Structures are given as C-alpha cells and as structure tokens.
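Knowing the structure of chain L, use the given hints to seat chains B, D and X on it.
Number of protein chains: 4
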Amino acid sequence: MLMNGEQYKESLRKLRPNIYKWGELIEDVTSHPATRLHVQSVAQSYDAAFDPEKAPIFTAKSHLTGETAHRWNTLMNSAEAVMGNSLMKRAQYRVTGTCQGATCAGWTGINVLWAVTYEMDKELGTNYHERVKKYFRYVEDNAFALAGAITDAKGNRSLKPSQQPNKDSNLHVKEVRPDGIVIRGYKAQICGVAAAHEIIILPGSGYGESEKDFCVAAAVPRDAEGLTIVETRRPSDTRDEEEGWDAPKAGNITQAFLIFDDVFVPNDRVFLCGEFKYTGKIISYFTAIYRAAIGACVAGQGDIMIGAAMNMARANGLSSKVFQEKLNQMAINNEITYGLGLGAMMAGKAHPSGLWIPDLLLAHVNKTQVAKLPYETKVIAQDISGGIAETGCFPSYKDFQSPLYGETLYKMLAAGSDGETRARAARLVEWLTVGGGIPGCMHGGGSPDGARLVVRAMEPWEKFAADAKRIAGITADLADPAPAKK
Amino acid sequence: MLMNGEQYKESLRKLRPNIYKWGELIEDVTSHPATRLHVQSVAQSYDAAFDPEKAPIFTAKSHLTGETAHRWNTLMNSAEAVMGNSLMKRAQYRVTGTCQGATCAGWTGINVLWAVTYEMDKELGTNYHERVKKYFRYVEDNAFALAGAITDAKGNRSLKPSQQPNKDSNLHVKEVRPDGIVIRGYKAQICGVAAAHEIIILPGSGYGESEKDFCVAAAVPRDAEGLTIVETRRPSDTRDEEEGWDAPKAGNITQAFLIFDDVFVPNDRVFLCGEFKYTGKIISYFTAIYRAAIGACVAGQGDIMIGAAMNMARANGLSSKVFQEKLNQMAINNEITYGLGLGAMMAGKAHPSGLWIPDLLLAHVNKTQVAKLPYETKVIAQDISGGIAETGCFPSYKDFQSPLYGETLYKMLAAGSDGETRARAARLVEWLTVGGGIPGCMHGGGSPDGARLVVRAMEPWEKFAADAKRIAGITADLADPAPAKK
Amino acid sequence: MLMNGEQYKESLRKLRPNIYKWGELIEDVTSHPATRLHVQSVAQSYDAAFDPEKAPIFTAKSHLTGETAHRWNTLMNSAEAVMGNSLMKRAQYRVTGTCQGATCAGWTGINVLWAVTYEMDKELGTNYHERVKKYFRYVEDNAFALAGAITDAKGNRSLKPSQQPNKDSNLHVKEVRPDGIVIRGYKAQICGVAAAHEIIILPGSGYGESEKDFCVAAAVPRDAEGLTIVETRRPSDTRDEEEGWDAPKAGNITQAFLIFDDVFVPNDRVFLCGEFKYTGKIISYFTAIYRAAIGACVAGQGDIMIGAAMNMARANGLSSKVFQEKLNQMAINNEITYGLGLGAMMAGKAHPSGLWIPDLLLAHVNKTQVAKLPYETKVIAQDISGGIAETGCFPSYKDFQSPLYGETLYKMLAAGSDGETRARAARLVEWLTVGGGIPGCMHGGGSPDGARLVVRAMEPWEKFAADAKRIAGITADLADPAPAKK
Amino acid sequence: MLMNGEQYKESLRKLRPNIYKWGELIEDVTSHPATRLHVQSVAQSYDAAFDPEKAPIFTAKSHLTGETAHRWNTLMNSAEAVMGNSLMKRAQYRVTGTCQGATCAGWTGINVLWAVTYEMDKELGTNYHERVKKYFRYVEDNAFALAGAITDAKGNRSLKPSQQPNKDSNLHVKEVRPDGIVIRGYKAQICGVAAAHEIIILPGSGYGESEKDFCVAAAVPRDAEGLTIVETRRPSDTRDEEEGWDAPKAGNITQAFLIFDDVFVPNDRVFLCGEFKYTGKIISYFTAIYRAAIGACVAGQGDIMIGAAMNMARANGLSSKVFQEKLNQMAINNEITYGLGLGAMMAGKAHPSGLWIPDLLLAHVNKTQVAKLPYETKVIAQDISGGIAETGCFPSYKDFQSPLYGETLYKMLAAGSDGETRARAARLVEWLTVGGGIPGCMHGGGSPDGARLVVRAMEPWEKFAADAKRIAGITADLADPAPAKK
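Protein chains in written order, with full-length UniProt numbering: chain L, 1 to 486; chain B, 1 to 486; chain D, 1 to 486; chain X, 1 to 486.
Treat the hints with caution; some may be incorrect.
Because identical chains share one entry, a pair is satisfied inside a single copy or across any pair of copies.
What the hints assert, rightly or not - No more than 16 Å apart at the CA atoms, straight line, and that leaves these computed lysine to aspartate or glutamate pairs for EDC-like:
{"#": "1", "residue 1": "Lys-61", "residue 2": "Asp-477"}
{"#": "2", "residue 1": "Lys-326", "residue 2": "Glu-420"}
{"#": "3", "residue 1": "Lys-133", "residue 2": "Asp-47"}
{"#": "4", "residue 1": "Lys-398", "residue 2": "Glu-24"}
{"#": "5", "residue 1": "Lys-321", "residue 2": "Glu-462"}
No lab work stands behind these hints: they were computed from the structure. These numbers were taken from a predicted model, which means no experiment stands behind them.
Here chain L stands alone, though its shape is the one from the complex:
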C-alpha cells in the first residue's frame, strides 16, 4: 500500500500520546515544535511515492506482494536493492539537510530479522520466520514507518548487562507468558521514534548464554502500553521553537530515550527470545547493511554543505569559484563514503533467505570514514563561510526585530546579498556544522572503534605475513613473540 504525506500525518495523530520533551507531554507529534520537523521530512518521503521523478528511488517492488510499496516496506533482495537504500538516503538528506530516522533503522532491522529467523527456523525448527513474514506484510499493508531500537542505555561500559547494578540498563525479557512476553528496561538515543508507527527492537550486542535474558527481538507499537518516550536535546534545539530564521525549518531529526516499563508483546510480534547464538548474526547483518548505506547519508549532508558554502560565499560577495579546490575536496569526501558503501554492496552476497548482505569488512571500513571525513567537510564549510557562520556570530532574529537597531543590523549584514539572505545562509552553515542538523554519524549505528575491531578480526594478517615472507625470500620461521612487557 502507498500512503501520501497527509495520510501519514493523519495516521500518526491516531496514536496514543506517550512522547515527552521539556518535562511535558507532546499531544500531537505532527505539530509540536520538537517533533513536527521530523514528521514533516518523513511526510515528504511518503509524498515522493507519487512524484514520477522520485518514485523510482522512494518505492520498490514488494517481495511479498509484487506490488509497488514504499521502499522502506520492502526486502532488500539484491545488490541493487541495497543500493536503492543508499540512493534514497542521499536523496532524503538533499531534501532536509539531515537524517530521517523513521525510514531507516527499523527497516534495516526487519530485513535482518527476515534472514536471521530463516536460519533459526532451519536450525532450531522454530517458526519465527513465518512471524516476520506476516508482520512484514502487515507493515506493507499499512505503509508503516518503523523506528529501530538497538542501543541500550548500557550502564557501566566495563560490565556485561547481567552484571549491571540496575538490570533495566539493558532491555530484557522480564517474563515469558504463553501468549507473549513482558519486556523491561531502557533503549537510548533512538532515532525517528516520534515519526514512526512501530518500533523494531533488536538486542544491543552479540551475547553469550549468560546474557540470555537480554536476547530479544520484537515489534512494538510506538504507543504501546507501558512505553514512555523522552525526546533528547540537540545543539541549539530551542531555536526550532523560536520564530524566525535562527534555525532552518525544512526538516529535522529526533532522538529519544525509551523507557519500557513492563511492556507486553504478543507472540506473533516476538522474533527472537533467548536464542543468544543468533544475536551476533543480527548485529553482523545489521551493521553490514547499515554501515554500507550510512556513507550515503553523510554524502547527502555533504552535498548540502557544499551548497550552503557556495551560497555563503556568494552572500559574502565572492564567487564560489574562488573556493573551487575546497569545494572539490568536500565533494571527494562525500563520494568516498558513498562509493565505499556501494563497494560493500558490490562485494556482498545473497543470503539463502533472499536478503542481500553487503561485505562486512568493507562496510565497517566505511564506518571508519563516516566517522572521519564528514568532520573534515564541516571544517571546510566553516573555512569558506567566514566568521559569521563559524559560531553563528551575529545577533538573534529577535534582535533584528528591534525597532531601535533591527534595521541597522540588516544593513550591517548586507553584503553580496541582502541581510536576511545572508543571515539565512549563515544559519544553515551553523546548523549543519555546530547546530541541530548534526546527524551524529560518529557513533550512530555504533562507534568507529567497534568498526576497527571488526577490521582487526577480519583481515587475514598471517596470510599477509606469509606472502611477504615468500617475496622477501625468508625461509626461517618468524613467529610472533609475546608482546613486549611494559
């Protein structure tokens, strides 16, 4: 089923209000200043299905029904389909300048569960895959937006979930009943929940038997009983609630803390419960897709940073060509993360269930660059833009309304353009580089240090050493001694 943006908003309004910010309940996510911008950006993705030019990117053919569906309601069953994820993400960033959580991690989550439950059923005789299939169909039939909740609050990083003083630090199964399970605990920094209908819950890590209770995958309605959602701050987030141009208003992200206070999940929405051996696979497949595609996210934001810097140069009275070499470097940074993600897809493999899984090593290498290159791109954007954009270094919109000196401020700002244009141009650069538009690509979807551990685990180090020995003509044994004592 396809739904347009207005229908989508309407559907959100039907959900029970359980989201808070500033200590207060948000009655309507489609109009509250803290959430409406994200909803609005997702609405644009829904509308895109009806735009002939955008539809090929924002829709795909359903693997279940053969019908055209919103892309985020379909299985990524080929390298091209995973590349469609990248294309959509880059396009979404080009619309709003930032990230769109409600069509991202939840979608990847249900795709991954498609594959992992296939394996589980094969090996364990369970019927999880059938549940996923049924639920996937339900999602498509309702054209749902899905948030994905992986990251737990975690507690002390040196302790396992089962060792935490507060067991709620990680979401866990509190009780198994005949008709379902009761889950409890905290998920943190979950993107796009306010704009989603449902939440796909995945275990926060690959676990061993001792952490069995924390091994749970399920689908939960956003407004489930017992679930309380608290929106987080972003830099300069109060500006979203202010009048005027101190923040761009084309779209925005949300990230939330989720408090599960004994939430009941019926069996047909439970996709893994205690089968710890499969949690590692979930993480592995999830990161393979997510970290391949995330290169497109930061590339899309980078595209906007290029445009923002060009506008800023012009508003300052300079030709953007003066900065061509710097703009080029920004573009190169963008294309590296985008293209390296595509390379992971190219080197990927089809899973027996039909899911296409990008090459894990290349996906994780991409993550290390996603945690590096966009920051260089931001610095270049600030370099080009001048001091006015670097720290938002000019008065507030409110000051510009002052009868005493407001008009003078506009005159002060006028340069290659009128004062308001220059103000808007500068605020966009600020927002993208040190403001609310920062998507959090460093730790989003896991840390770069984690990615480096995967690189370490996957490269055939000893094979490299053996090849080099042969080339060097070394015949002696050359084993690794014990690490030097410190």
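For chains B, D and X alone, kept in the frame of chain L given last:
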C-alpha cells in the same frame, strides 16, 4: 594599579548601559545571563593578581611605571613578555574552558599602536606616540580591561570600503574637528566588549590612499555616546539562561556587533587618522603577536578537551587509559599550536620602540594550524566520549526534573558514575565541541586563507628554486613561463 | 586458448630483440636481469589458469568463443567481470609485491576500443568494430599478453601536440596508405612492454580537430619493424642485477620509452585514425575502468606492506600486535581504494556494445585516494619497521660476504631472528617504500589533478546550491559574481 | 681555531684507513665515491667560516676561549645559541639537499656531557666535567668534526642489553684498567663517521643498575685501534659511483656500522663509566636539543623540495604558479617543524653548567611531526613533478649516451627545457623523495613512538581531568577504573 575581581565588577556597573541582547537592553553586565559568565571569567583574571601562584602569569612589570600591573596593562617588550601572553591565555582557558576577549585584542592593539605611532612620529613628526603613552598610563592607572575592534562589517567582499553602497559597512572618519574626530560605521564580531571598560579601534585592513577615510585608530569608552552594542548568538546560547547543567557555567565568551552612530573621539584618544601607509604595519604587527599567541588559546581549550574526554570515559565506566593513544594525539595537537607560537616569538625581533614582534611568517603558519588542529582534537573528544556527547543526545535538565520520569532518566544515565555526573561530563564535551564554548579559532583574528597569502608572500620561492638548480647541476636558464591558460 | 608460464616465456623468446637497457640490446627478455622478473611474474599469472584455486580469478569465459580464456583476453561485460579485474590485480600484487603491466592497460585498451568502435560504426558507418572483434579473437587464440601505450612523451605541457616544436613528442599518423598507416613519435613510461606480445596504442588525450593527426588507436606487435624500446630506471634498480638479498627477486615491473620510427600498421590493426571526436570517449571509458581497478593494485601492495611490517617487527624481536592499531590503519587504507573502486563498478552501466563501464565520477574520486592513501601506508610501514628499513640503513650483501667482518655483520643484525632473515625483511620494506617496488600509483594512468578536474566537471554544483537555498529558506536570487580580482 | 675546507680534507687524509664499503677498504675518504660527497659537504661548512655572509651562522664565540670557533666546536649556552644550531642545519640542507652528520650528533653529545658531568661531579665528587672541558678545548683547538654514536645494534628488542645472547649487541665496558677502559660491541647507523675526526660515544638508552656495563660515554678517534667501520647502503647508492646525472653530486650523507673490537680508551677521554643513574639524563638532554633542532633539518630539505618541484614544473613547461597552493602547503610543513623546534628553545631553561636545554615536551612533540610532515611534503613534490620523477621513470644516463638512440632520448625528454635539464630536475626530485637523499628523519635520533611515550609521560593528564571536572561542575569522585579486559 591592581584591582581585584569584585572591584572590577563594581567598575563595570558604573558604565552607561548600551548593550543589548534578544532585542532588550542589558542593565547590568555583571548579572545578566548573556554577559555575566564572561565578566566572571575576567574577574578571575583580576583576582589572579593576588594569588601568589598565579600572579607571575597574570601580572607583569609595567614599562611605564616599573610597578606590578595586570599583564594586559603592560608593554610586551621582550620575547619572554610575549610568551607571558601565551602563558596567560593558556591558563585562562584552563580556568573556564573558553576564550577571554576583554584581556586580549585590545591589549595587543595598544601594544601595536605603541610601535606604529613611534614610527609615525619619527617619520611624520606627529605626536601620536605621546598620546599612546599617556593613554597607556591611564589604562594602567585604572587597571582597565580593553576590547579590541578590528573587524568591520565589511559588506560585499569583492568591493573596497570606499566602493560599498553603504559607507557604514566599514568604520570611518565622518568629520575631523579641531578637538577630535567623529567616527561612524559598524564593527562586527568584537570579542569581550561586555566585560571591557574601553575599546581599542584599529583599521580592519591595510589600506591605500583611496581608503583614507577608513584609516583610523582610537580608544573609545565602552559606553561612549552614540555607540550601540548588540550581543551575538552562540550555539546553544539559550542554555546559559536556563537553570541546571545543560550548559557549564564556569565562564564564557561574548561577541558583539558595534554600531557607531557619529561617536566623537577627542584628539588625545586618536592614534591614527588618515595616515593610510601605516595601516599595513598595524595589521602586520598585530597579527604577528596575535597569531603567535592564539596557539596558546586553542592549546588551553585542548587541555580541557583532554580532561573532558577523560572524565567522560570514566563516567561511561571505562578507564581513560583505553584511549591513551587518542589522548596523546590531542596533546600533540595542543602543543603544536602552543609551541609553534613560541617559535615565532623566539624568531622575533625587538622594534625600536621596545615592542617585541614575533616572526610574521611563523605566526601566520601557526594560524593555519590553529584553523586545523583544534578541529581534529574536537573530533577525537567526541570519538572518545560516545554518542551521548556527540550531539548532546540525552534529555534536557528540565526533563530530569519530571516527577513522572525524571528519576528514571537519572537511572538510565548512571554508568561509571551517577547520572548527574555523567550528564555534566557529557554536556561539557558537547559545549566544547558543538556548543557555546567554541571559540571561533578558524576566523578569529582573520582567516586561514589570509594567513596562507602571507606565507605565499614571505617565502623566498625563487631562492629555493635556485638552490635546487645548483644541487641538481642545472646550468640552463629555467624561467617561469606564463601560467597555462584554462 | 590457455597457455602456461613456460609456453608463454617460449613465445616471448621468438620475438625480435628490440629492447635496450644501459645502452645495450637485451637479447632475451626472459633471462636478462632488467626484464626477467617482470616476465616471471606474468608467467605466474599464466600458470594460475591451471591452478584450480586461482583459475576462477585468473580466467574468465570468453565473450567471443564461450571458452575459458585468460582473464586478460576477455571482455569485461558485467560489473562482476570488472570486479574480476580488481580481484586479479590484488592477487597479482600478493604474488610479487608489485605491478604487472603486461596484463593490465593493453587489456583495458582493447575493451575500451570494443565499445568506442561500436559507437563509431553506428554513427559513422565505419567497420572498426569488426576489426576489433577479429583482433580480439586473435589475441584470445594466441593467449597474448598486451601492453597498453597511452602516455606520449608530450613535450612542453603548455602546448598542444600540434604546437610542439618536435612533432614526434606525441605519436602521430605520418602517412595514410591504402593498406595501412605509418605512425611516428614517442610513447613514454609504458608499463610491461618487455613481457608483452603486442602493444595496444591509444591517443594520449581527448583531442579536437586541430590535433587530428594525433588521433590514432591501433595494435602493434612488440617487435614491429621501426620500433625501438628503451627500459627506464627504477630506484635501486642495479640491485636487480646484483647477487644476494639486497633486492627481493619475486617479480618486478618494467616501464619503457617507445620510439616509433615510421612503423607501418596494416588496416586490420587500425581502430581509430583521425576521428577526433571519439578520443575523449576512449579516455573516459579507459579511465573509468582503470581508475576503478587501480584501487585493487595499491590494496594488494598494501597487503604486502602489512605483511612486510609484521615480519620486520618480529625480526626486530617484537610482537606485531604491539603495532596492531597501525596495521589496522594500513588495512583501512587498502580497503578504501579497493572498495571505492568496487563502488564505481556497482554504480556503473552497461554500454550497448556489452562493455560494463564503471561510474566515472567514483572512479576518478578513487584515483585521488590512490594518489594519497598508499603513501600514508608506506610511512606506517617505515614507522613500524625501524631505522633499519627506512633508508636501507645497513651494509650491502657484498659486505656480508667479507671474510674480515661479514660474519660480524650477521651477528650485529641478529635480533628476533637470524641476521639474514632480518636483512631480507628490511630490504623488502625498503623496496616497497623507497625502492624498485614502488609502482608509481600517483601518476600511473594519469595524474590526481586530472582526476580532480573530472570531479569538478561532474558534480552538480548549482543543484547543491539550490537545495541548500531551499533548506535555508532563501528566496532571493543568489548568483555567482565574477571572481574577485587578485 | 678555524680551518678551511681544504685543510679539513687534508686532516682527514692523515687518519688510518679503517672504513669499508662493498667489502673493500676505503683508502681515502675524501676521494672514494661512497664517502667523498659527505666530506665535500662538511668541507663547505668549514669554508663557510671564511664567508662573511655565512660566518655568523657557521661560527660562534667559544665559551672556553672567547675566540671565534666553528659553531660545532662551541657550547650552546643560550636559547639563541641553540637556535644557531637550527639556523646552521637549515642552511646546510640548503647547500646539499641532505643531512650533514659530522657536525651534528657528536657536537650535541659533547654539549650534553658538559651538563651531565657537571651534575655528576657535584653529586659524586668525580672529575668528569674537567675531562670534558679539556677535551672540548682540544676539539676547538683542532677544529674537529665529531660524529656521535648512540644507537647500539641492540639485538632482540624485547630483551635488555644484559639479556642479549650476544653481549656485543650493545657497546659495553669489557675491562676497567688503571689508565683507561676497554670497550667492545656494536654501534649501528652512525651518521657522518667518514667525515669526522672523532666519535663521541653515548649510552644508547637510560639504564638501570643491571645494565651498568653498558653505561659508558667517551671520545674515541675515528681511526682508533680495534675499530672497524662499515658503510651502509642507501637507496640507489650505486648511482653515486656512476658517471653522469643519474644522481645529484652536491653532497650526501653517510651512515655506518661500527665494530668495536676491544678498543682502549684512556681515562681523560672517559666521561661516564657505570654511573647508570645519569644515562637517563644524557638521553633526556640529548633528545631535547636534537629533536628541537631536527625540525630545521627537514625544513631545509623541504626548502629544496620546493625548489626542485618548481624547477620540475618549469622543465615540464608549466608555470610553478599553477601549483602555488601545493607549494604553500610544502612551505607550511617546513615552517611547522622549524618553528616548533624554536618554540622548544623559547620554552627551554638554562642548566647550571651553562648549557641551554630546550623544553623536552615540545622537542618530542616536534619529533612526532618530523616523522610525519616531511613525508607529506615528499608526496606533494612527486604530485607536482609528474610521473617522470615519481619513480625515476626514464632511462639511465648511460642510455642517453647510446649512439643508436641517445640523442632521440634527449629529444623525447625536451619539454619546457632541454632534455638534460629536465632529466637533472627529475633525478633531484627522485633523489629527495625515493632516493639517496632521504635523510631518515623517521627514526633518526630515535623513533616517533619513543617521542609519544615522552608526551604521555610529561602531560599532566590528571590536572586536565580536574580542570574539566571543575568547569563541568562535577563534584563526585571520578577515578579511573581498571582498564577494560579484552
């Protein structure tokens, strides 16, 4: 004269209120949330004169009276004295985590005028140097804090000041009277004005004869008649006015737009008026000192970023030693800008007037690194800190006060420390890297591209080519052809 | 047809000797110290066709006959087939530590001509494609190794070929005869000629009508009448001719200067002659494939650098794990160029002729990284290895044979291994980083500045600016002013 | 005493031949191709004392006699005097393009012993300082060039000297006699020995009591009985012995392995013997001076790389201005290491003995950049120069003499200049970046990892954390937990 922090605040309260933010007049800069943190940090520098441990850094012997004075009231008359500037700046950052404008650019400005007016008087027979000397004594006698106003609003970057549609885009002399001059126009992004007693005005660039009107150096009381000051925004600046720990409150910067609406300056406060040939020297000496010392600023903030990242690691439950290699890299970045600035001082020369002028080339090279390395340091701080700090990704202080879920939020955040400690640790990293604590080192004191132009102008390129020719044994002529046509 | 290494060498011996080094004719390329190592490495690629484990990489199904052929004798007719190019290149580097020219550029050249002649015949009614097809079949039937000659000697970089004082600076058509053409001029820095049977000649750039004479593509036997080949130096190349372990002897590259002194090429070997409009396409398709695949070359050498550094650490008596973070960074560098190349293939498109053409933008972005990351990898290899490897800082093999002190030298070198093992390990690092094993990836296949020009030409800059304007809420016109005058 | 270059060479010829290369004895270091270039470059430094323009850099006032002496015969007794070291080193590199060992480490060594023996005598009542003073005077009276031998052959990096299977792996005291000591063992990679009159021996590390035997500092004539010296290879070192322009011949370095086979050292040349507690100080003072000054070395070579790249661009037919931004970056890299070294001097302190000791932390930070930035500079030089320089990719000088094709080769190379000029320009770039001119700045004077350990040891980490806690308003204890188990 020495003054303590309380006396300093008292002296500020006596000035006429002419500073605005959010469209409203700030009655008392020492208590208004937009300005009090900067005043407070400067007050600490005043108090330091009475702290035996800090006094050697925060005071110096006056070149005029031989008395102990606040360092920012003295002439930098040796390499060691300029190094004192660096030592003080690094120490100031260590106190508040950010920049302290009211003891910085104005001080450098009056130092530079000391030297340039010396030359002018020698060559032109003027008596500017005597005026500077008298004014310098007045500053010392009153233990003043001085802001320095160089950057004009500029207008269209492709046009000279005299070509701007709005002449006010650059501060200029509107009228020369027998007893003084009338100045008019805009200075922008001026640091520390709210905490200063006086403002040292310098021309925004080196100018030729056509720009004679814009060649003016003078000292103006902060509360001069005709002067209106509007404070600018910083990222997340509303947090300074909020209750709670969403922003650190140990000190902060201010930056302001200055509107000179026909301000009269009596002759003994005018230090240059139309002598365009000396404007280039002002810029040259100013940047030599400023860009040598600014390496200490970012090093000082880098020191705090190291500490903030260590605290964050610990609050997350990890040993900071896990990140030792990253911390080391942060430290190396800090010491490079600090040490390179010191190198410029080492290679400097004494001006006939007594001022020590650091090596211009090395000072500008330092600026290119100040515009680069702190950004890498910030990224490392975020990398170590985890997603919680990257975009301030957890709820507001207000949410933590919610009777409904506030206590749960504190439990969610608890990890290697209690929840509030972790929140504070995270907010500091956010503030330093994408929040109000960003000092604006990219364009502060001029752009890195400008520094690169100086590098280009000062390196003996043809001498390098000749040396290389000799070493290569090339005897043929090897002149530069015309640049390739594009 | 498949040929093994011995048969391949035999076939090379039948060619007329026309290759020189040190001013002397090389009678037998398979045994002369200047060329034998490259021949040997290509022979290993021939042998790989008969090794069940390697055959899938080193062979492919012919598009002409459907038979299994050496991969470098087949058309790259799918993304997977171009990826096969990458896989083979990385594997080849793992065998010898360096580049293998005779299975590289010529192969890509004939593939590109397959596509471009297809277009030419369609549009011009020529029969070039048929010639290419016939020649391609001839190559497959004889299992030939093909060098590819693109780079002209060029002469003065500021002048076009037709403006050069010496027309021979660029290869050109001297005469068109009924049965063929006579070509004349210089090609420079051509890789792998000594190990090839034939040379594919392509125009050195995209040309306009004025350069018609320089628009020629053809196939020439390596031993054609009138062709003189002079091998170039490499760093430390005399070591290849010395006894002992001062250079590794597992394989090596050759690069040559080609002097065409009126070489006649019969018509069925002429694939473009004066049709200047198609020269740009040749360059475009060639670089798309070449610069996508070259990422695998430097990744393969990077793999060996990892191994070499590990061996060096161990030979020094240290665990390679001490350097794990550095090794990881080397691996990340390798995978970026490898994976980004694959991304270009993923984003590629099928040409109507059947050739798969990788995405040009991503291929050129990859080139910018190929010109950057391997250099960082080399520096890390030297960092890990210690001073002994950095500049080859120990005596020669000859010194180690001294009856006076040779044995003592071996004792001096002994550390984590015996002295000879450590010497060999160090010489490999030296060879890879500052010796004969350097493949020349900076300018090989064109310069990184050229790649940046393509990036500049292909990014939709104005679209980025427009998107950013919309997001910023800017409605005013914001056109690019003229560039600021300098 | 001052000596000119010719007198210097004459004095070297008087020494007993005990240096070998290629397994053969070098009878005369001033004429043998393996050593003459280094001797020649040192001779130029001697001559500089008589050149009024250069004398201020190459000479200084002796602290012992008050006379003008060669700078390398004097005590560095002020920040300016240490800066003189930097100035001289940069100037020396500008003369030859590479390093000059015989006026470097030995000079620093005797300076360091001046200070350390001062401390020893104060604390232990020894008379070492008097010996140093007398020897220093002897050096000045004879205008000697001194090599400095620190690095031992070391053996297995995981074992201490006393644990090595071969005790000779590290130089040690074999016997203490009434009139002197007998030393034995290996020093490796010692720079400039062939051009020195004497060798200053220092312990290779800071040692504890167990390594007492290895704690020895002394001065040994280069031709001492029992000492055998073997010169090492450099990249492309055979070119030094070839005719023609395949290597520049303006000067070069030497590095040698030293075999001490029971060398007797009379007491007045022994400056430390078993006093292990002072070995750490020797290393500390030595590296403080050496690593501050080495920034000038690589800056000087970088200057030549700039010139070489400019010449190359012109020889290619392009204006060097096309590459101005890249040239600028090279210059910035040069000035960073130069200026940061000067910063270490600025922040240094006077030792009670009179020696000026640069700041250790900044000196070591400088070393980390010396091991990084010159490599980036090299890559830029290759980038600008084109493929011809990257791997020396054109035929040998010998080929250019071929009657058959030599003249044609010169025509092929002709571009913006005649062929020979272009060849010479290219060979210089090759020599500087991947050839014999590489100075080995990565590990010269110790490894960058060692420097990082000093940074780690010297930064006040916990103070940073405490400052950040205060700023964040954290009052809870926040101690470092145990490192996370792996």
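Hints, verified against the model:
1. Lys-61 <-> Asp-477: neither (57 Å within a copy, 40 Å between copies)
2. Lys-326 <-> Glu-420: neither (26 Å within a copy, 37 Å between copies)
3. Lys-133 <-> Asp-47: This pair counts as neither: shortest intra-copy Cα distance 26 Å, inter-copy 49 Å.
4. Lys-398 <-> Glu-24: between (25 Å within a copy, 9 Å between copies)
5. Lys-321 <-> Glu-462: The answer is between: 12 Å across copies meets 16 Å, while 49 Å in one copy does not.
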